[in-house]
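> Below, each chain spelled out in residue letters.
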Amino acid sequence: MMRLVWVAVLALASARAAQVDDGPARYLGALRAYASGEREAAVARVGPLAWEEMDAAFGRFRSEVNRAGRCRTCPDTLANEPIRAAAMLHLDRDLVENPPHQDVEQPPPCGGRHARRALEYAELLALRERTREFARRFYVAMTWRAEWDACLFQAVGWARTGLVAFPDDPDLLLALGVTHEKAARLGGKDPGRLLREARRHLARVVAVDPGRLSARVHLGRVLWRLGQLDEARRTLEAAVEVGGGGEGLYLAHVFLGHVHGRAGRPAAAADAFRRALAIAADGPVATIGLAHALRQQGDLDGAARIVDRALGSETARFDPYRDYNADNARDVARLFDALREEARQ
Amino acid sequence: MRLAPALLAAALVAGGASLAFAQAVPQFSSDVGVAYVDVFVSDHERPVPGLHGHDFELRDDGVPQRVELAEIDAMPVQVLLVFDSSNSLTGEKRAALRVAGDLLLAALRPVDEVGVIAFSDDIRWLARPTLDRRAVHEAIASLQPVGATAVYDALAAALAVADPRGRTLVILFTDEVDNSSLLDATDLRAAAVRSSALVHLVTVRRRGPFVPNTRVQPDSHPLQEIAELTGGRAWIADSVANLTAAFTRIAATFATRYVLRYEPAGEPTPGWHRLEVKLRKGKAKVQARRGYWVPDPAVR
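The listed protein sequences correspond, in order, to chains A and B.
Residue numbers for the first sequence follow the working numbering, so the first one is 1 and each next one is one higher.
Residue numbers for the second sequence follow the working numbering, so the first one is 1001 and each next one is one higher.
Don't read these hints as lab results, they were simulated from the structure.
The reader is advised that the hints may include incorrect statements.
[Stated by the list, open to error] Some but not every residue of chain A turned toward chain B, in silico, with C-beta under 8 Å: (1) HIS292; (2) GLN296; (3) LEU311; (4) TYR321.
Remember, predicted model here, so these are calculated numbers, not experimental data.
No residue lacks a Cβ here, since even glycine has one placed at the ideal position from N, Cα and C.
Given the sequences, and given the hints that come with them, work out the whole structure.
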């Protein structure tokens, strides 16, 4: 009888142990499925899992990474573990649970627990030499994603966490600067302070990577908004000198035109807007800017003519300024796609 | 040389009204030195009819002017409806705008042209200024919500295409704060002072924050001061249901406006000229543009 009781107790304990082990096993199975390319199925499998189960696996990964960090000569036991896949899996699960809004002007989701877990995996990835670059780009992509969703606290958090691992990284500094610029534009508290923060980060990008046109363009715009018109003009003229991409150059001319106009130089403003229009013919924003400059010069008929034509245009009119406002949103999906591919094992 | 009154009348009669007429902004050319100021008088929000030229006191840069009432029936109005078609234009708001548009159209005279500009982060003619009411009605009905809000750029565009020699009324509807314009309130103020158009702003007071980490829009709209500068005003509805009421009241002002005519003394100096208009008697409220701009030929 006593023996039967013991058997029953052992059976129960064994079943319980199997249950506990089963959790990480299911989770690890999902990670491996994701790494092998079965992304949708893996993301769905993670949904019903308890956080305790996922925490256990994450804890194990973290211990291993820390141990490996302490012993450089030890064999790399994590080489085949799907840690990159884990970061991407949690990101994708977060996208399922907090889908990015398709429309602007709607209250955005700002990431949940899966996004935070993705961040924790990124921190592990940043500690390992072979996955550092992956982690860096992951931080950049997550920062832009949060910035696009106007989850500005989260964006700043992602960028700052990334900068701890990658000080002076120009991509992260640019994202951080643009996030502060956007916060000021959207009416964040103390816009002057936000703009000064933006200026600091963007100036650092220019110092680290002088050829980066977008940083100069953003810096010029921020300086304009701070009322530093001469500095803004010099920065934007330097951006024009850098040249490079058509869209960046268009924006440099547009912003330069705006600076000239505000400084009481409508003729120079009109010239700058015309240069922008030479890059993107019928660019609506440059057209509005040119019309404004012409009206400041007293040429009401000329202004009316170009605006009337622009308003009546039947062709689709893309203006790079819209992307400036959307702030690199176009790149987010591309960045994540590249990272998902790299997470394949 | 100033245009003699008889010559001015002849120009108007000859169908040159739109050329000879300049609402609010005096035309200072070698031929014409006549100014017109569009005025609305109300007492506790009700229009005050039956006033004469001698009831008004008008000062141009502090100098009292001799005022006559212009014959308003001979002066067509160009109405530009500048409607927000960004993503926030919900079905309820669209429906309200359609009703409001029809109310405005019904209040206009057959000689008054109407144009429709839709804006999100793109700005387009839905209907160029026309006498064809059906075309305007259909244009308003075709509003589709898409994109962000570039309200400053849209108003700048409307002021640019407004007939500088005619009497233009811009009715700007937006339910959002600007999040996509190149130009800002400072630019718009500069554009408004150089324009003869009268701007009414219609908006709905926001109930909640636009996005996290940003503050709620204040009660007054940044464009309110600009509307008042031009002689118009801001109509801030507290709900979508009350939106049509705002348009109804704008429509009511159409038929009960006065146009004051005067001949400014002396050579006009470039820059801003302050206008003050009030009634000689009574406490009724007078709405008129606060000044006009004379271009500086040296600014090129």
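> Now look at each hint and say whether the structure bears it out.
Checked hints:
no. : hint   : verdict
1   : HIS292 : holds, 6 Å
2   : GLN296 : holds, 7 Å
3   : LEU311 : holds, 4 Å
4   : TYR321 : holds, 6 Å
Comparing the model with each earlier hint shows no violations; every hint is respected.
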